[in-house]
Amino acid sequence: MAEVETASTQYTAANNAEPIVKYLDVHKSFGDVEVLKGINLEIKPAEKVAVIGPSGSGKTTIIRMLMTLEKPTSGKIIVDGNYLWHMEKDGKLVPANEKHLREVRGDIGMVFQHFNLFPHMTILENCMTAPIHVKKEDKQTAKQRSIEMLEKVGLGDKIDNYPSQLSGGQKQRVAMARALVMRPKVMLFDEVTSALDPELVGEVLEVIRDIAKEGEMAMVLVTHEMDFALDIADRVLFLDKGVIAEQGPPSEVIENPKNERLQNFLHRFRS
Amino acid sequence: MSNWDWEVFFDAFPMIIQGLGITVGLTIACYIFALIFGFFWTVADRIPIKPIHWVIRWIMEFIRSTPPLVQLFFIFYAWPVVPYVGVALDPFTSAVIGLGLHYSTYISEVYRSGIEGVAPGQWEASTALNLSTKQKWMKVILPQAIPPTIPMLGNYLIIMFKEVPLASTIGVVGILHLANDYGAQYWRYLEPLTIVAILFLVLSYPSAILINKLEKKMNQRFNKKDVLEETKGAAI
Chain A
1 MAEVETASTQ YTAANNAEPI VKYLDVHKSF GDVEVLKGIN LEIKPAEKVA VIGPSGSGKT
61 TIIRMLMTLE KPTSGKIIVD GNYLWHMEKD GKLVPANEKH LREVRGDIGM VFQHFNLFPH
121 MTILENCMTA PIHVKKEDKQ TAKQRSIEML EKVGLGDKID NYPSQLSGGQ KQRVAMARAL
181 VMRPKVMLFD EVTSALDPEL VGEVLEVIRD IAKEGEMAMV LVTHEMDFAL DIADRVLFLD
241 KGVIAEQGPP SEVIENPKNE RLQNFLHRFR S
Chain B
1 MSNWDWEVFF DAFPMIIQGL GITVGLTIAC YIFALIFGFF WTVADRIPIK PIHWVIRWIM
61 EFIRSTPPLV QLFFIFYAWP VVPYVGVALD PFTSAVIGLG LHYSTYISEV YRSGIEGVAP
121 GQWEASTALN LSTKQKWMKV ILPQAIPPTI PMLGNYLIIM FKEVPLASTI GVVGILHLAN
181 DYGAQYWRYL EPLTIVAILF LVLSYPSAIL INKLEKKMNQ RFNKKDVLEE TKGAAI
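So the sequences go chain by chain: A and B.
According to my numbering, numbering within the first sequence proceeds without interruption in unit steps and concludes at 271.
According to my numbering, numbering within the second sequence proceeds without interruption in unit steps and concludes at 236.
Just so you know, not all the hints are guaranteed correct.
Straight-line Cα separation of at most 20 Å, SDA-like style, residue types lysine to any residue; simulated pairs [unchecked claim]: (1) B:Lys50 <-> A:Gly31; (2) A:Lys143 <-> B:Ile47; (3) A:Lys136 <-> B:Met138; (4) B:Lys134 <-> A:His100; (5) B:Lys136 <-> A:Leu101; (6) A:Lys136 <-> B:Lys50; (7) B:Lys134 <-> B:Ile47; (8) A:Lys185 <-> A:Ser164; (9) B:Lys217 <-> A:Ser164; (10) A:Lys37 <-> A:Glu70.
Pair ranges (Cβ atoms, derived) [stated by the list, open to error]: (11) B:Pro51 <-> A:Asn161: 47 to 57 Å; (12) A:Ser55 <-> B:Val24: 57 to 67 Å; (13) A:His27 <-> B:Pro120: 16 to 26 Å; (14) B:Leu201 <-> A:Glu98: 22 to 32 Å; (15) A:Asn161 <-> B:Glu215: 24 to 34 Å; (16) B:Pro51 <-> A:Asp210: 48 to 58 Å; (17) B:Thr133 <-> A:Asp157: 31 to 41 Å; (18) A:Asp157 <-> B:Trp54: 11 to 21 Å; (19) B:Asn219 <-> A:Asn161: 11 to 21 Å; (20) A:Asp90 <-> B:Arg57: 34 to 44 Å.
Derived list of chain A stretches under chain B, where covered just means 3 residues or more per stretch with a C-beta under 8 Å from a C-beta of chain B [stated by the list, open to error]: (21) 76 to 85; (22) 115 to 122; (23) 178 to 189; (24) 213 to 224; (25) 237 to 247.
Worth flagging that the hints you see were computed from the coordinates, not collected in a lab.
We put the CB at the ideal spot given by N, CA and C, even for glycine.
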């Protein structure tokens, strides 16, 4: 615990806005294995956070809990002032029901390692479905916004294709467009380049860079692309054995690491 | 083939074919019953309460492990004398319930395999897009779960068609029953039973070809490579 405290107080956020996301002593166990051992974390609006760490350190689990794909074992997560996994009932905090989860997770979007596009829908339908059915937008608006978003990720000419007709890099760009049309306040990227052939990584990173430049959305990237993290992140978290072992601006964490295990981790990556 | 008599053949044919309506009708009735009840098993099996889950599994296993003929006899002969809940049913209804219930447990497995065949990532993407539970099923899961099950469901239709003659043992007057009657009356079994065999062949063989074609079409439409790729992503 002491380690966690020092790690989170070391970092002083650049802007003083209310955090859009807060983790309060969040633990997560799978069976007998505790993968997260007390995460305390604040993410400011528009902040870009890169999460790095060895496999099994729990980095993916952190964002999966925020997307409500994984339920924390204990602790609290707050999104834009609302408890995510809890709700108030008769002045007491009780576990959230699906209705509450739906209300709060509307602010969150996610891009997956394996894209998870809907194979039975065209690219355009993949993007349009959620705006129409979740946000109740009229079909024309949803279609127009989806096309604009697909053009932005460079796939304006593929809108009537099916996912199986695209390359991995193209699929991942569709997945980003699909998440972006929902206008999330926080966007999560779960090792989005890990499943791609090396020559396709660049095009995906380029799109993420563009999104990051626009600025208004907070982004959390679980990544193995150190140079990329260095380039776009405001802050890097090094996760090790279920705790945030070191954090700070990328120039400090990646260029000048203090934690010994982080030094080893980075060394292994570069050799 | 000195015993073969075309006169008997043409004499028996019009009589036996009168039972075809019953045989086909019973097949369809059993099939619809099995499709609906199979859905019930699948839903009940997904109830996330452990004891209910076990009970449902146990009942299904019991139904599957007992011969359909025993179940038919039980429903037709034994059920009426069971205290309080026993009801006497006519042969046709007994056969629909007996065979329909038996095959519903297999149909339920087909549904289950269809649903479980949808990659976990599809559920996760639906959650990430904030679709409601109903929207997840209707827009994402079922459209992917149903197509691959259609050929399997078709196969069960043919299998059931071939099992329906079991109902003649409790007095459903289908083609087998009529052929048997004819045989008993004139002591000629070769021709009537050959007619029965031919009728089954004529109906089930083209259906099998049709289902084969359907399967190929579904495989094409439901791009297998893509599904494999989507399935890989079950990392923590």
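Comparing the hints with the structure gives:
1. B:Lys50 <-> A:Gly31: Holds, because 18 Å separates the two Cα atoms, which is no more than 20 Å.
2. A:Lys143 <-> B:Ile47: Violated: lysine 143 of chain A and isoleucine 47 of chain B sit about 37 Å apart, past 20 Å.
3. A:Lys136 <-> B:Met138: 16 Å, holds
4. B:Lys134 <-> A:His100: 16 Å, holds
5. B:Lys136 <-> A:Leu101: 15 Å, holds
6. A:Lys136 <-> B:Lys50: At roughly 37 Å apart (the allowed maximum being 20 Å), lysine 50 of chain B and lysine 136 of chain A break the hint.
7. B:Lys134 <-> B:Ile47: Roughly 16 Å between the alpha carbons, so the hint for lysine 134 of chain B and isoleucine 47 of chain B holds.
8. A:Lys185 <-> A:Ser164: 30 Å, violated
9. B:Lys217 <-> A:Ser164: 16 Å, holds
10. A:Lys37 <-> A:Glu70: 15 Å, holds
11. B:Pro51 <-> A:Asn161: 47 to 57 Å: 48 Å, holds
12. A:Ser55 <-> B:Val24: 57 to 67 Å: Holds: the Cβ-Cβ distance is about 59 Å, inside 57 to 67 Å.
13. A:His27 <-> B:Pro120: 16 to 26 Å: About 24 Å separates the Cβ atoms of histidine 27 of chain A and proline 120 of chain B, which means 16 to 26 Å holds.
14. B:Leu201 <-> A:Glu98: 22 to 32 Å: Hint violated: Cβ distance 53 Å, outside 22 to 32 Å.
15. A:Asn161 <-> B:Glu215: 24 to 34 Å: 25 Å, holds
16. B:Pro51 <-> A:Asp210: 48 to 58 Å: 53 Å, holds
17. B:Thr133 <-> A:Asp157: 31 to 41 Å: The hint (31 to 41 Å, Cβ to Cβ) holds, given that threonine 133 of chain B and aspartate 157 of chain A are roughly 35 Å apart.
18. A:Asp157 <-> B:Trp54: 11 to 21 Å: 54 Å, violated
19. B:Asn219 <-> A:Asn161: 11 to 21 Å: Holds - the Cβ-Cβ distance for asparagine 219 of chain B and asparagine 161 of chain A, about 20 Å, lies within 11 to 21 Å.
20. A:Asp90 <-> B:Arg57: 34 to 44 Å: Holds - the Cβ-Cβ distance for aspartate 90 of chain A and arginine 57 of chain B, about 38 Å, lies within 34 to 44 Å.
21. 76 to 85: violated (count 0)
22. 115 to 122: n = 6 at 8 Å, threshold three: holds.
23. 178 to 189: n = 3 at 8 Å, threshold three: holds.
24. 213 to 224: Our answer is that it is violated, as 0 residues pass the Cβ test (under 8 Å) against chain B, missing three.
25. 237 to 247: violated (count 0)
Going down the numbered hints, you'll see the structure goes against 2, 6, 8, 14, 18, 21, 24, 25, while the others check out.
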